[in-house]
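Asker: Chains as they are written, first to last, in our numbering: chain A, 1 to 416; chain B, 1 to 1010; chain C, 1 to 88; chain D, 1 to 203.
Worth double-checking, as some hints may not be accurate.
Stated by the list, open to error - Reference listing, derived: stretches of chain C covered by chain B, where coverage requires no fewer than 3 residues with Cβ under 8 Å from a Cβ of chain B:
1. 16 to 26
2. 42 to 53
3. 68 to 81
Think of the hints as simulated: they come from the structure by calculation, not from any bench. C-beta atoms are modelled at their ideal positions from N, C-alpha and C, and glycine is treated no differently.
Given next are the chains, with one letter for each unit.
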Amino acid sequence: MHYSIFSLLRNALSGNRLWTPAWRDPEPKAFYDTLIVGGGGHGLATAYYLAKEHGITDVAVLEKGYIGSGNVGRNTTIIRSNYLLPANTHFYEKSLQLWEGLEQDINYNAMISQRGVINLFHSDGQRDAFARRGNAMRLAGVDAELLDADGVRALVPGMNMNDARFPVQGGLLQRRGGTVRHDAVAWGYARAADRRGVDILQHTEVTGIRVEAGRVTGVETTRGFIGARRVGLAAAGNSGRVAAMAGLRLPIETHVLQAFVSEAIKPVIDTVVTFGAGHFYVSQSDKGGLVFGGDIDGYNSYAQRGSLPVVEEVMECAVALFPAFSRLRYLRQWGGVMDMCMDGSPIIDRTPVDGLFLNCGWCYGGFKATPASGWCFAHTIATGAPHALNADFRLDRFATGAVLDEKGAGAQANLH
Amino acid sequence: MNAPQRPAAGPASLSRPEAPTQRWRLKQGGLIDRGQALSFRFDGRRMTGHPGDTLASALLANGVHLVGRSFKYHRPRGILSAGPEEPNALVELRGGARREPNTRATQVELFEGLEARSQNRWPSLRFDLAAVNGLAAPLLAAGFYYKTFMWPAAFWEKLYEPFIRRAAGLGRAPGSADPDQYERSHLHCDVLVVGGGAAGLMAALAAGRAGARVVLLEEDCALGGRLLSESESVDDRPAAEWLNGMAAELASLPGVRVMLRTSAFGLLDGGVVAALERVSDHLPLPPPHLPRQRYWKIFARRVVLAAGAIERPVVFGGNDRPGVMLAGAVRSYLNRYAVLPGRRAVVFCGGDEGWRSVADLAASGARIEAVVDARPEVPQAQAQLAARLGVRLVAGGRVLGTQGRSRVASVRFADAQGREEDVGADLLAVSGGWNPSLHLSCHLGGRPRWDERIHAFVPGDLPPGMGVAGAAGGQFTTHAALAEGAREGVAAARDCGFPTNGPDIPRAEDAPRELVPLFHVPHGRGKAFVDYQHDVTDKDVALAHREGFRSVEHLKRYTTLGMATDQGKTANVTGLAVMANITGLGIPGTGTTTARPPWTPVSIGAIAGPHRGKRFRPARRTPLHDWEAAHGASFVEVGLWYRAQWYARPGEAGWRDSVDREALAVRAGAGVCDVSTLGKIEVTGPDAAALLDLAYANSISNLAVGRVRYGLMLREDGFVMDDGTVARLAPDRFFVTTTTVNAGKVMQHLEFCHQVLRPHLDVSLLSVTDAWAQVSIAGPNARKILEAALDPGTDLSNAALPHMACTEVSIGGVPTRLYRLSFSGELAYELGVPADYGEATMGLLMERGAPFGLTPYGTEALGVLRIEKGHPAGGELNGQTTARDLGLGKMVSQRKDCIGRRLAERPALIDPMRPVLVGLKPADGSAPIRAGSHLYAPGAETHTANGLGYVTSACFSPTLGHPIALAVLADGAARVGQRIRVLDPVRNGDVEAEVCSPVFVDPEGGRPRG
Amino acid sequence: MRITCPHCGPRGNDEFTVLGAADPVRPGPDAPLAGWVAYVHERENLRGSHRELWHHQAGCRAWLVVERDTWTHAVIAVRAAREAEQAP
Amino acid sequence: MADLAMRTPLAGHLKAGRHGRAEGTPGLHVTERGHLATAAIALRAGQQAALAAALRDGFGLDLPQRPGCAGSGAVELVWNGPGQWLALDSAREGIGRFGFARELAARLGAAASVTDLTGARAVLRLTGPAVRDTLAKLLPVDLHESVFPAGAATLTLASHIGVTLWRPDEAAWDIACYRSFGESLAHAVVEAAAEFGCEVTAG
Ligand SMILES: Cc1cc2nc3c(=O)[nH]c(=O)nc-3n(C[C@H](O)[C@H](O)[C@H](O)COP(=O)(O)OP(=O)(O)OC[C@H]3O[C@@H](n4cnc5c(N)ncnc54)[C@H](O)[C@@H]3O)c2cc1C
Ligand SMILES: NC(=O)c1ccc[n+]([C@@H]2O[C@H](COP(=O)([O-])OP(=O)(O)OC[C@H]3O[C@@H](n4cnc5c(N)ncnc54)[C@H](O)[C@@H]3O)[C@@H](O)[C@H]2O)c1
Ligand SMILES: Cc1cc2nc3c(=O)[nH]c(=O)nc-3n(C[C@H](O)[C@H](O)[C@H](O)COP(=O)(O)O)c2cc1C
Ligand SMILES: [Zn+2]
């Protein structure tokens, strides 16, 4: 059923009885043209764009849990394209542009809210680094503003700017950045892909990848073998394990990132704010909860939970920056496990196995990438070659040295 | 202090006259102190209560049932419970900077002067305009917002979203900084008992008597758990008496610590229990020197979970009307708080539990209009009770709805035959069974198990070291709680090496409980709420099912069931039951969502503790800090350090004046700069040189004793990590320096190189950063100043101490190290004085240096001097540059194994087009160049692909009289002398510059050797 | 998380920093570049028992080889790296 | 030759007098041990026995092999990591303190490398009935008598600051951090003791 105020009204008058499932729950077929492993944002978007952009509809998305059980359902919903390195700037800008038309495209309100994203700086060195990044954005045609302390104060009230251990000197603002309702992205893409004929197979875990004579022929799953001509891996935090089924060893470690939500309160902040003197960022959901987080825990983990040091650091930073948040309460903490890449940037590429494609390395920043990742991955799978937008996201860049290290943190996964 | 003191029931005339407002207060009983009245305000209205009251009980004593409005439909809401599970009675407590939104009235202890306000209503609680949302409910069903508001696209941020945001949210955050203090603390024990009810007390007693170190946490202000709310006896004494005895004995055991008002809110990896102590929340203000709250980390070898259970409401039409209350809460108000929550009551239950309320209500003088028991056959004992009290018993009945404006006025029910009837009532006590509080058993991933016996989840596989006792494990009689508590206490103590037989089990009620599943009454009258706070109804669950959101996790996320501040303590299981009923899968087949910390919401400030404001992070100060402050220094944060940035002098208009003056003073005479913050590491042992050869890109082993060398460190991936100097003090002793920000990283890296990569080397590493007050004395007069300051007899001639040499000297007899090296490009020395003598040395240098124009300079001038010399620092050492990029490629020794050598050889890193270090000066001689600008060939289109590099550092050069900059530029060497366009769009900069050598001053490098 | 340092006893993970997998072995200086690329970047990334390098940074400053389950977060074994390596 | 005045690490950072709760006897007494001669001892490979012997013969000290401390006369040793110790001497004064490391180096010879750390640490001496409760607010180590008796030592984080804590005897608890952190540590200690009352005396 097409969603609109009219369908809402019609349903309201008939006791909401006319609604139908947002997507089907089909039995797996024996063979698909293309299989996508991972029903997160990227996998579902890939399926959608395969169908929409390339007319490939004989597609199934295999998800071991429920749709959205991975990071797409546990991230802090920030979208932005404020990247430094050209490959990233252009790719994430494509993503932001796709977000901007997404709701109409997939007929689902994902509450894309371009409320602005500001990264604070507290020192001259940080300012210079942000200026460099902001300039890179502007020269790529992306919006960016470098605010001084007064500009920041006017934009975000309630911050402790001066009487602080690390006074706020200014910030890099991207007004087109913002937030998106995370679950709605999974559901919206799932529904839109389903409407174009894609099978969404929940509770179907891939346990093996069958390769014959250097070519992929299908996957083993908890619901039996499913044959395919092409397989795209989009398993986020489980990328390393899934790729290992095809004998690949990736430049990736799986790490846990925590997030927190406070009790719902009336609106207090209208912008996404990132602290620059500690690991903390925050936005307020439409429901009223402050959604916030910090750094990864730093150790390899497949458990979707973290430990206390990060909790403490995040809360300290929250109060350091917003002293009035001290009396607000947080009501839940959780974690997601992500594919931390050795240079902090993603991989969307072919693999040495024919017909096997790889999409991974999104670290803690892949939610914003969802539309462009799906779009580029679909292109790469459909045409057998990367699009210009993901041409630099190569798997072999660690061997060539053409790494994409935004922060200059080096080849250590937990530093990105 | 641990146990409730039942106030002596003296003659009424002795206590102060009861405030006339408390019309619903019982004349007798309860654990309140009628001798003292506390006045408080709710929505501006003044009322009184007594010590021992919660805000909820005091409101009920004053007949206030309407206390809030719901999230979405703004429905009137009352008090459902008497504990942490409360979904409705949320208020803004206190005011101003101390305002606490969303505070559960059921857990707020009453204090004199308490102020509370209802929230999420406008203009008033009784008349809330947004209640019209209720009329539009069919439109606002679960997930409605995903289906609309899409056109026109631009309207979302401008119109729809602001409206939704304003309507959503509950209370208001305080408007200014929290004035209270918070603390953190740590506790270690053998046995941690969570919950001070019957089970927890016995566990603590058993383990405590055995000699174990025991900590017992109780969230409430008194020990006893449900016993405080029930009219029960233990050991043939009133429960309160028994509790007093227990409290006294626990207090007397030296190894036992009882903590009231303390909630265990999380179990974390490693078995750490996080707990929150509300030290002062029950007081008008925190007493002097005490925090508001204290966050505890508890390290226990064994944990006994004795957290009790939470009663479930039933989903039926109008189940949210004020006056509908959990049956157990009704008993809490009657027995503990001596409040009559209603005079005409209906009780609705599915088992024996609800009948306790029948008895207690009757004993308190309420009239029971009907008992609607879902069981077709009500056991004899209950039937007899009904008969004795003359109460109407509706066996096999269902409550279908309630009526009343902002409070229940009548209840509609159907009997077993489906005959419907209304009875007038102002209270509807509901019991749908109890859910064990098993949350802590799930925080580490444990999944609960469905127990058909009690129609509830019980803890499944327990985390290591945890035992469960009492209602938390699904054992609902007091006897079972006592016995299991003792058993778990004994087991925990034994595991910790304290064998014991355990205490005798006191006599207590042990009646079997019978219960039929009672979750949902379908097809009732009006909205039937599953999640009260989030306004999720049975229809929403059905809709979620219809749309395919059938897994529990989808149900939760689509409807927001269980996502409110109560985390579904009263909603989750009933929600599952409603869904399971539709799917036919049953509750175990439906599964449950994940319980995560915190058990109840925890203030952010409590976890932050004292680490806030200026004390957010510790500060590091150099031994010269106070001297610098006294001499006009402005300080800047560099990592944790405070460094003197410049020294303003009277008459200087701005920082640039000071910095220019300081830099010129160095070039013309001499300056002195505090460089104590540089990382300093002493590397000792016969294999010290071998280790440094591995860690540094250049060779160190061939450095002679008494000489200093510039050292470059790479990361293993071939990029530059840090630079610094290496001085060889003896064959087996080196002194190395690092940049300030990388000091910790380099130390750790060297330890890694030693302990992991070269464990056989006999070498030791010691951070000596804090041992030395280290100053750089730079400028043509540096030597003269030192000669005047150092103890006589020191030879500073070029022959004795050439450039890049070091030696030991003394000042006032203090052994001091002197390194001749230069960052500024002038004749310069670094002087290392033991920290205790730094300040005095600085005074001496200034005095002896005065004739030579010795000027203190700060980090800004230091930066200017190094940019003028083209030395790489922060902006260049950004983790993205290689040695080659910085013109230091030749330093990477090809003759030895060193960290980073091989990967620096990757093709992209030796690409001749990689940007390399160059200098820039404005083409017009004056336009400022800013760091962070990007470089383009003049005339080239300014898109990304044409970018040639970026400016890494920039400053005004007072020596040259114009701005200068360092940059990395593609094909930089070939471009020297050419023009380049410097674009800085974020600051509207667009200037041309001339590419030049990065060394602006003294390119031959003669000065430092002078 | 609690790591039992062989020198200092059980400590919270805030006292430590983690480098990553302990198993990759640093190649000899003249080993092929591919071996170096693999050593620095490629990871087995196991779910389950995993050997890692942890540094007791805020304690005794020993580098430790910690065997830990990346799925349950159970710490299985801890040894000082130096002793582990020096053992014949 | 100039005469240089010394300044202890906490001079100006630790205000003498009563802090926090003013009534009753203070729960915590704090003084700075600001005049210690300090040196680091690093064991050389295979010299464990030689080092232990040299310290026993030269100073009457038993080298702690694991976290712990030992004292003899004015000289103390505190374990500071595997193969590393802090040596303290409270008898020497002023610039005489620089002789301590030299003496140690001479006596220990090839058994150890010695580095002078005089003035590099801020050291607080804590006494009084509330020491444990105060320290519990700052650091995560179990300080119960059964686990941390006199002679114990530990390296840990206190209020985000790396510290060495040791118990030279029943009554005294010494806590040291890098000199630069001294003010922050002193502040944290005095603040944590506020509820017990805290008496600071000049060291
Ligand atoms: C706490 C947190 C906060 C974050 N915040 C942000 C943010 O603010 N902005 C941002 O841009 N990014 C953020 N991220 C990162 C972002 O969420 C991820 O990078 C992104 O969601 C990953 O892509 P995905 O949606 O496809 O992943 P997922 O949703 O994780 O999808 C991968 C799916 O693969 C499935 N799967 C795995 N193995 C198998 C198998 N063998 N068989 C079948 N299925 C399998 C998983 O179950 C999972 O559903 C955050 C991440 C976390 C954890
Ligand atoms: N009749 C029934 O069906 C029924 C059902 C449930 C309970 N009960 C009664 O409840 C009692 C059971 O005894 P019990 O000791 O198991 O439970 P309890 O409910 O008496 O005590 C549990 C205690 O734990 C505390 N608590 C809960 N979570 C906490 C946390 N995270 N941190 C700190 N404290 C926490 C609570 O405040 C409470 O005081 C018996 O008296 C029993 O008769 C009866
Ligand atoms: C942006 C965002 C907002 C959230 N808001 C809430 C909330 O208001 N209430 C809540 O209970 N959980 C909230 N959650 C957390 C979820 O309940 C859940 O913990 C998370 O999706 C991870 O799933 P899990 O806990 O089931 O593993 C939110 C999650 C996200 C990503
Ligand atoms: Zn240790």
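Asker: Please go over all the hints and tell whether each is borne out by the structure.
Answerer: So, going through the hints one by one against the coordinates:
Using a Cβ-Cβ cut-off of 8 Å, 3 residues of the region 16 to 26 of chain C lie near chain B, which meets the minimum of three, so the contact claim holds. For the region 42 to 53 of chain C, the proposed coverage by chain B is not satisfied: 1 residues have a C-beta within less than 8 Å of a C-beta in that chain, short of the threshold of three. Only residues whose C-beta sits within less than 8 Å of a C-beta in chain B count toward coverage, and the region 68 to 81 of chain C has 6 of them, enough to reach three; the restraint holds.
Comparing the model with each earlier hint shows a violation of hint 2 alone; every other hint is respected.
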